[in-house]
Amino acid sequence: MSVLVVVECDKGEVKKSSLEVATYGAQVAAQLGTSATAIAVGEATEANLAKLGEQGISKVLYDNEPRLKDFVNNAYTKLIATAAQQEDAKVIVLANSNVGAAVGSRLSVRLQAALATNVVELPKTDGGQFVVKRGAFSGKAFSDVVLSSDRKIIALKKNSIEAQHEAGKTAEVTAFSAQLGDADFADAPKQVVMQDQAGGILLPEASLVVSGGRGMKGPENWNLIEDLAKALGAATACSKPVSDVDWRPHHEHVGQTGITVSPNLYIACGISGAIQHLAGVNSSKVIVVINKDPEAPFFKAADYGIVGDVFEVLPKLTAAVKELS
Amino acid sequence: MKFLVCISNVPDTTTKIAFTPDNKEFNKAGVQFVINPWDEYALTRAIELKEANAGSTVTVLNVGEADTEPNIRKALAIGADDAIRVNAAPTDAFFVAQQIAAIAKEGNYDVILMGKESIDYNGFQVHGMVGELLSIPTVAPAMKLDMSGNTATLEREIEGGKEIVQVNTPFVASCQQPMCEPRIPNMRGIMTARTKPLKVVPAIGEAPRTQVAEFALPPKKQGVKLIDAANAGELIKLLRNEAKVI
Ligand SMILES: Cc1cc2nc3c(=O)[nH]c(=O)nc-3n(C[C@H](O)[C@H](O)[C@H](O)COP(=O)(O)OP(=O)(O)OC[C@H]3O[C@@H](n4cnc5c(N)ncnc54)[C@H](O)[C@@H]3O)c2cc1C
Ligand SMILES: Cc1cc2nc3c(=O)[nH]c(=O)nc-3n(C[C@H](O)[C@H](O)[C@H](O)COP(=O)(O)OP(=O)(O)OC[C@H]3O[C@@H](n4cnc5c(N)ncnc54)[C@H](O)[C@@H]3O)c2cc1C
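Protein chains in written order, with full-length UniProt numbering: chain P, 1 to 325; chain C, 1 to 246.
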């Protein structure tokens, strides 16, 4: 019996959300009195995979097949299913990402496993039950879900737990092959197009986010958002109407019908705080609201607030951040 | 081309979420239910593709009890040709996926479209399960879908970018913006929807593998701490020294 964690790698690095997954998997393994093995997907380096020991992983399986560099649903599913069988994995942990959730749902059918996505905490395993807490109702609630199959799959919500770093510990990296053939790559992407990310920080992974709404008045003012984001090392986001009129790209739109973020800090600039917007951000640890209207509903969901004009406040904040460092 | 569009019946996006006193169920009292907003992209795109490919049909499918019928009729009013309701409470994603897969197989549907995820249970999983049950590809989440004969070209969103994917029918795709501009029903649509066929069928398949033990609301916030705009830099100090997030 073991716990298998799926780590996604990009340009040689293990993604931040996968470091969280590795930490979570190692803690579940400790709870169950077993060890955690990782299976790596994407473009990885052996040195970075060995460093997964710092998160408590004892062994890393890696298939050097070059076509696994990009996400291929069937190939990834077969790879992970094969690893799960070899390792007799009772619990599989993935990131609740567009890769992890897509693979997790196929795996759950193939391995007859119970699947919980959007999981936010370690499982409760007393009394022979296996119960996980997951986010539901677009961030407006949680549910405790009992997973009743022998095998369980957990997709961990990003930023739900802090990745551990126990310096000096290394994992053993082992070559692994699922004997993938051409048929497994039939649904491989024809082309992959990456967007320029502000400051190179991916919004869904970011621990700090600066976000702008209609109160920013127009795309020509976004330098104010970007300057603060850059000074903080934050990603940028926006409200739905902002992306609807193309001031900002769609992948930055957060909310009930956009992406959900759960950073340590969310700074909302000129956003009113409609319930659909809050649904995408209300699991942020700290929320800061800057709005000239003291009655803006967002203040009710905020930890810190400034009643004021974004055009005056934002440059002051950027200057104050620069003074810190 | 036969399109199957799966729609989920969810609380309106402005709903204040509340549970029954034992916290075991969502409290439906006074709640308005709508077609899951993501599923509207699937529905409208299917109708657009039907209009562009003569002889095509669009069937909507919902797994739910009789109270979902107003929204099924709404989908018919928007332009679907007929509807199927699997008469059961959708108590678990795998249970729902089994129903959809069985109907897709029996009806020989070419294109199975869904929304990215339900806004109530936020599973993001039914599409992958259906693809696996039918051994066909799933593209999720898709931002663009074009068809040429039996080949579909899709844009799939990945963290930080997109992939261009080509698949042949049959396949499953889950849809999101900016795929199309979701349509709303017009008067003529509403009139004709009343007489379009809506078939009710019993559920099949295995028992659910997951059960909700309890729901909970997030902890209440402490209340906002206001900082004077003239002294905005103070906020950054608080974020470092008090909140310790930067
Ligand atoms: C089905 C459905 C789904 C939706 N999904 C989403 C979603 O996923 N995400 C989302 O964001 N929205 C969503 N919406 C839209 C949502 O209801 C709101 O309309 C939207 O969030 C408002 O965006 P906003 O706050 O940028 O703009 P507004 O509501 O117009 O607010 C602008 C704010 O800026 C302030 N302001 C103006 N000038 C200044 C200034 N100089 N300095 C400081 N403050 C200033 C104003 O006081 C105001 O509070 C959805 C709506 C529906 C019906
Ligand atoms: C009374 C009740 C009890 C429940 N108990 C549990 C429970 O114990 N455990 C648990 O995990 N969940 C429970 N649920 C939630 C139920 O599991 C979800 O309806 C189901 O999992 C699908 O939602 P999802 O978020 O997983 O779908 P997603 O995977 O997010 O949905 C993707 C797409 O699948 C399609 N789809 C989803 N649901 C349907 C549907 N019903 N009909 C047609 N198409 C659909 C839509 O196109 C949707 O956009 C319960 C629901 C109800 C009503």
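It should be emphasised that the hints constitute simulated quantities derived from the structure, not laboratory data.
One should not assume that every hint holds.
[As the list claims (entries may be wrong)] When the alpha-carbon atoms are kept at most 25 angstroms apart in a straight line, the in silico PhoX-like pairs for lysine-lysine are as follows: (1) P/15 / P/300; (2) P/124 / C/225; (3) P/69 / C/237; (4) P/292 / C/225; (5) C/225 / P/300; (6) P/230 / C/105; (7) C/162 / P/316; (8) P/292 / C/237; (9) C/50 / C/199; (10) P/11 / C/162; (11) C/16 / P/300; (12) P/322 / C/144; (13) P/78 / P/124; (14) C/221 / P/292; (15) P/230 / C/144; (16) C/225 / P/285; (17) C/220 / P/69; (18) C/105 / P/285; (19) P/78 / C/220; (20) C/105 / P/15; (21) P/300 / C/221; (22) C/220 / P/285; (23) C/199 / P/190; (24) P/230 / C/24; (25) P/300 / C/50.
[Claimed, not checked] Listed next, the stretches of chain P that the computed footprint assigns to chain C, with coverage defined by at least 3 CB atoms under 8 angstroms from CB atoms of chain C: (26) 214–224; (27) 278–284.
The structure presented is a predicted model; accordingly, all values stated were derived computationally and were not measured.
C-beta atoms are modelled at their ideal positions from N, C-alpha and C, and glycine is treated no differently.
Those earlier numbered hints the structure runs against, lowest number first: 1, 2, 3, 6, 7, 12, 13, 15, 17, 18, 19, 20, 23, 24, 25, 26
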